[in-house]
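> From these two lone chains plus the hints, build me the complex, please.
Chains as they are written, first to last, in our numbering: chain S, 357 to 564; chain Y, 5 to 621.
No lab work stands behind these hints, which were simulated from the structure alone. Where a beta carbon is used, it is the ideal one built from N, C-alpha and C, also for glycine. There is no bait here: all hints are sound.
Taking lysine to any residue pairs in the SDA-like style, the calculated list, with each CA pair at most 20 Å apart, reads:
#: 1; chain 1: Y; residue 1: 520; chain 2: Y; residue 2: 444
#: 2; chain 1: S; residue 1: 427; chain 2: Y; residue 2: 420
#: 3; chain 1: S; residue 1: 416; chain 2: Y; residue 2: 342
#: 4; chain 1: S; residue 1: 386; chain 2: Y; residue 2: 580
#: 5; chain 1: S; residue 1: 386; chain 2: Y; residue 2: 343
#: 6; chain 1: S; residue 1: 480; chain 2: S; residue 2: 463
#: 7; chain 1: S; residue 1: 386; chain 2: Y; residue 2: 575
#: 8; chain 1: S; residue 1: 416; chain 2: Y; residue 2: 574
#: 9; chain 1: S; residue 1: 416; chain 2: Y; residue 2: 329
#: 10; chain 1: Y; residue 1: 323; chain 2: S; residue 2: 476
#: 11; chain 1: S; residue 1: 480; chain 2: Y; residue 2: 244
#: 12; chain 1: S; residue 1: 416; chain 2: Y; residue 2: 330
#: 13; chain 1: S; residue 1: 386; chain 2: Y; residue 2: 574
#: 14; chain 1: S; residue 1: 480; chain 2: Y; residue 2: 326
#: 15; chain 1: S; residue 1: 416; chain 2: Y; residue 2: 575
#: 16; chain 1: S; residue 1: 416; chain 2: Y; residue 2: 562
#: 17; chain 1: S; residue 1: 416; chain 2: Y; residue 2: 571
#: 18; chain 1: Y; residue 1: 323; chain 2: Y; residue 2: 258
Covered, in the sense of this in silico footprint (three residues per stretch, anywhere, with C-beta under 8 Å from a C-beta of chain S), are these stretches of chain Y:
#: 19; stretch: 279 to 291
#: 20; stretch: 556 to 569
#: 21; stretch: 587 to 594
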Amino acid sequence: MTIPLPARIGLLVLATTGFYTYVGQLVPQKEVQPPQETTIRADLTTADMVTVGRQIMEGKGLCFTCHTIGKSGALRFPDLDGVASRAATREPGLDEVGYFAKSIYAPDSFIVPGFNPGMPVINKPPIGLNDQEILCVIAYLQTLGGTATVTLQTSHAYYTAPGATPPAPPGEKAEPGEKLPLTLPPAQKGETPKAPAAVPPPAKKGEV
Amino acid sequence: MMNGLRSKKLLFVLGPVTGLVMFGAVLLVATFLTNREYREPDRVPITAVDPTPRATGLADEAAAADAAAKAKPYVEAEYRRFPVVGSRVAIWAVAQLHLLFAAFVLAVPIFALIIEVIGYKTGDMRYDRLAHEFSKLLSVSFSLTATFGAFLTFMLIALYPKFTNYLMSVFSPTFLPYVLLFFAEAFFLYTYYYGWGKFHPLVHIALGVGLNLVGTGIMLIANSWLTFMMSPRGISDSGALISLEEAINNYTWMPINVHRIIANVAFGGSVAAAYAAFKFLAAETDEERAHYDWMGYIGNFVAIISFLPLPFAGYWLAKEIYAYSQTLGLTMMGGAFSWLFIIQAVLIGNLFLGANYYLWLGMGRVEGAQPFQRFVKYLLAAIVLCFMIWATPRSIIATVSEIRAMGGSTHPILGFFGVMSAKNTAVNILILTTFMSFLLYRRTGRTATVSWAKTGQAVQLLIFGAAAVFVIFLGVYGYFVEASVRIGLSVPQVSSVLFAMVSISAIDIFLFRKPKLTGEVRWGKIPAISQYVLIFIAVTFTWLMGLMGYVRSGLRQHWHVYGVIRDTSPDAFTPTLGFATQVVSVTVLLFFVLIGFVFWLASLHDRPDFNPGTKHS
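Just chain Y, same shape as in the assembly (with noise of 0.2 Å):
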């Protein structure tokens, strides 16, 4: 008894006693910073005694110091420098979290707003609140991500003042229909999440259009501010503006745009999918963990359908940044920043592993799926395969002595494998693996009862065998050929892949229309194990947008505006990719500590209050 009221005390002084603390260390600080300035000894007034020929020289001295302080010309800075990491790290870390936050925030509200309208049009109510529960994670995320942005401007006009000067001067126009956006979104967030329940649910879905219009919006001006940073256009050789419709339609603008949204998606879907898994794991009832496995897989499910077509729109940007500039573009895949694409293969590789696995482990829970998981250990053979095809280098790193023995730095052997024709072809392989790993979970517990359900079947096998056939056959055709004719071969693997995706799932859609139900789906029912694959797959979405983040923003190399301005800062070299990872990680820690604490603070909304009567620990 004595000891609850005793901590209900503390308790009650905690934040008192904190905000206190906080304070002092404030006041600490900031006496600390003014005791380090220089001042004058104490001393007697100098009207106060006959002047001396010191005190004259002296104050002689201070009136001239005076009178030069005051003439002093206005030089605006160039640069100023942010202690310990340097500006450029400083300004990195808070960018990279600034737009993961934004990712998140720009991607929940698209799967949250297709989610209620599938449980509006089927009238299923748990997908209603399965919507619900996806948007609770958007509130503190949205003040996270304007923190950051706010955080972000303030760092660059300090850090970078001429250059966020020369871009201000390019696009200050987009700023005030950037800012009313920002109110707008405010408004639909919040009347989306709070107005849950309250309205017609028409006019519920109204508010979730309108958010997501607004965050387009928002995402279309931020980006165009960074895209003409990596090619920009309409200005002059000086940098002095011509056009502003062509500064923001610039090469880069529209492949980035649906880049990001493609990716916001998918990278959305796996956090929210890391925080079902939490809920998961901290659930003591089958009911929670059935509604939390549930909830996973739909996040897992959007994360990797979105992921798919993402290295189309990958190579769609990187087409763009060829056409802006050849420099550009071999920088990126030839020059500096080519090895970086072998630790983009590694994360690729193990979030193709751990979509796969997870679902794999999920036809455990679905009654009547062992015939389709014999085919796990070819699927699996067929994604190792890509993945180690994927992730061999041109060049390998070797010894004096191995490199006299294979000839050069291309190995005979594995050499071949280094090139794009390899490395295209395995990623289209893997993108068709994967999508047969989800056309066997489909049919996990199902049995198709149409008419025509046989050659439905076997077309949908002849269109997977021929388009496999048809992209391996062209991958090896690139030997044979010249540059020219090779590099345009990628649009036909592209094409022949995305078709089969596409034309199966149609007829997919068609061939389950009525099934016949063979097993129940037992949700809950899985491995603890699969939980932890999801977290694993948000991580590895996270870590590989802070690293391509970084390719994007690296290739100007020592350039602010690629071409126009110079980077002239201490920071203007490249640094290692060991360098570039350490950042990405420690980045990517931060946002799963903040992360953590909007999932903590989401949770808080399913505890029952606070009752004086309950005994709390």
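One chain only, chain S, in its complex shape (with noise of 0.2 Å):
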């Protein structure tokens, strides 16, 4: 019996698109939500912050995307391990918690020996984290060589805590690339760090 003509194209045509979309099975598979609205609670403690830090970093902030932690050879961007030991000395002028913010509000005014800028601005869309969603990944960031110090009532050149005296003179803004002092809030270790007005009110079930 021949298969009439028609039918055989037909064949031929499904078992390719059939071979194709079998490939497609074959990787992994993944389906990528959109990243989820967190709430900073105002009575997160420095712990707690590095726990929802690496959450950020892993989630809305794509910071794993390309940047890795104890990978070497062949990198496209630094790796992060031990990052906080390096990052006090990185730049003079600027202390560990300094650089941290200059590297995610201005990343190309520094870029590390070696590779080549590519990091885009955190702050704004499409990541666009807040300002304590950066605190809290600052806090992180602090753990990989180092002790997390930050609290929700730190400020730094591109951010100043409400209530917090502004770090730069009035009427300078900070731009990009600009050294400005940085004041670090009084908030000690152990201290349990007053609700800043910004912040929403603290503990909801399902918040962060």
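Okay, structure coming up:
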């Protein structure tokens, strides 16, 4: 029995598309959900901020799309292992928090030697982390080779915590690349941070 | 006799009956939908009876509902849901079908015109007939493109009204030129097709040039809309338009324009070759087979020659995506879509294998091709090796124990082939190998007679060898340098391959100016399997277009306009690659059903007119 030509061609088309569909099922299957809007509770401790910071880096922040922790060899972007121990001495005049903040708010103003510029401005869309989320990220980064010290009341050149003294002199705006004096808030280890006015009230089920 | 009469009567009533059935179906659906509406039960009119407290209450309720309905404020819907498959899949399928037909309608006039010009310049009427045959596929495809375009527009307005409104607010000045160009395209296309042989050849060629210019203009405008969604420019932080010129000329506009023109020609060539293959397989005479073998060869030649520079246009596009946003670039190559490029490698590997196999089979139709056929095994080995390297992922899907044994998700040896240095090298060598297949095919049945033939061939071989060694050297060198240096190595790799192709082709043209013919090309004398290869190539091209269309659009992830208008619909997530490939396959199958219809309509042209005296089955 001879199969009619249209049927033969139809079978070929079907088999070819079927094969490619099959190949599509062989690769890892991951459904990527849009990042959830997180609400940072006002009573987060520094230790909580570290956990939240890690979650943000894995999710909404998309940090691990480029950065790695503990990898060596031919890397396209800097590995973050031990980054806290390097941060304080990367740029003259900038301490650890100041360097992290600058890397996040104005990433192209300093490029780690051996790498190309490429990091987006994290506080603007499409990533668009808010100031509190960025503080959490900084808290986590501090743990990579150091100890987390930031709280939700930490100010830096790009952010002034509510109630804190602006780090920049009046009339001076923090621009990317500018080196401005940093002011760390008085929050001490073990002290419960006070809720800043702009930060939502604490603790609802399901909140971070 | 009675049977014949009965079947004629049946045929006669078939049209009206089908129309009535379709009309009835529409009525049935309308009745079904209307019956599902809530209606007040029949009762005696309220004015005819004494009002009771209940009746008064009901009347008051009705009046209050009426007043509330009148006071209802207008609220613009953000999204509407398409039944069963959801809005995204519905838009995806319609947009893909529109783009596939549009690509075909834009591509065919490009190579039909080139073939027509060759026919005019050489005086060989076979080329003219071939160009005419290609253009036969245009008119129905043009109607389908326009229909799907209108369908897509209505679907966007209905399902994504707020986003469509925004896009319209930015690009409204481009709409009128678009519509006018569309009218102009209809004018040029139908005059070009129906005016074949009716005008002076130069007038007809001018019509073809007009058709191509107008078609390209339409594509450039439409490309500005979709590239703006990916790399918006010329707007404020809140999305307000500042500069239309910048919104049009955004980062990815020109690379997409170039990439699409080349890809359209490659795709159009492959579909036209599939048409020729279908006609070859259905042919009843040797003459028909010879004609359609030749047509298939030309279609495939157009497809593959256009396909070779496509990766370079792809590099440019990717470079501009990275330049616009590293996040977007990394989502593409290192994030959610990285595995898609392994699927792409399988498709492109198949295209190269298919194209080379067709050429090798084609050598059989040329007398005296045996000396060249001995190279086939080496070419095949090179292609398979490059294909394997290209399709090797950086990280391997493995069990926990396997990952432990490997010391990570990267295989200690195969992992070296998963990086861009290896992949760039593999694809460049693939291109060079396919180019070599073409050169060998070109030489079958011909010997160069120019005095410098030996020197010329030696120089060609030297350029080819030098390009291959240089590409491999840079690929290996990439493992030993920093990322900032490594990224730049793809440029000299690409440049050396382009240089090799251009310079070798240039030498070849002069080398075979007045060749000695050592064997005749016996068109039509090719195994039938070669025609199935052509159809396979066309399906693969179509599927590849669907897949790459998905990555281009899907890259925005949960953004309608990247970084400006966020997708807040239930479809805002990025589906699995498995799901995406299913949608692509369904769309490709629908396209081939419809293009099959176009082929069938085009083939009616060659059928004899209906003769009442002839017995028709």
